[in-house]
Every structure is written in structure tokens, then in C-alpha cells.
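Modelling step: build the complete structure from the supplied sequences, incorporating the hints.
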Amino acid sequence: MSTTERLARLEAAQEVLGSLMAARAEWIYIESKNAQPNAAKIAQWEAERKGFFDTEDELRFDDQDRIEQVIATYGPLARAIFESQ
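Just add 8 to wherever you are in the sequence shown, counting from 1, and you've got our numbering.
Rather than coming from a laboratory, the hints here were simulated on the basis of the structure. Not one of these hints is a red herring.
Computed spacing ranges between beta-carbons, pair by pair:
(1) Gly-59 x Arg-14: 18 to 28 Å
(2) Glu-39 x Gly-59: 13 to 23 Å
(3) Asp-65 x Met-9: 19 to 29 Å
(4) Ala-51 x Met-9: 32 to 42 Å
(5) Asn-42 x Arg-68: 36 to 46 Å
(6) Ser-10 x Asn-42: 42 to 52 Å
(7) Asp-62 x Lys-41: 19 to 29 Å
(8) Phe-61 x Arg-14: 18 to 28 Å
(9) Phe-90 x Met-9: 20 to 30 Å
(10) Gln-93 x Ala-55: 15 to 25 Å
Glycine included, C-beta positions come from ideal geometry on N, C-alpha and C.
This is the structure we're talking about:
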């Protein structure tokens, strides 16, 4: 795989994680506007968002296996969320 292709895969993994973080932020915002916000849901989404952030922060250009794992694991989840909107 060329350097350009590896960089594109890294960026794809970052985009997937960024999309999932954005979705969680939106859900947290919407839930917090409810008259009686569900604190458990908000806490869960905040933890998930932090997990996605940490995963993105740990990605390294030279760890192609981890990059592909992130895309394979989280890509379908991100796609499902955005196709449902």
C-alpha cells in the first residue's frame, strides 16, 4: 500500500470516529434539552464519545492493522446512524 493510500485509510478512520463523536454530541444535546433529561443515557453517550476520542487520539500512521480494525469495527455503525437520519 502506498503512502498516499495509507494516509487515506488513516483519514477514513478519523472521519468515522469523528462522525460517531458528532452523533453522540448531538444526542447529548437533544437529551439535555428534555424537561427531564435521562442522566444515564447522557453519561453513557459521554463515555462512548470519550472512547471514540481516545481511539482517534491513539491512531498512528504506521499502525495499519489498527486503522483497518477501526474502519471495520466502527464504519458500519457510523453508516447505520447516518443512513437512519
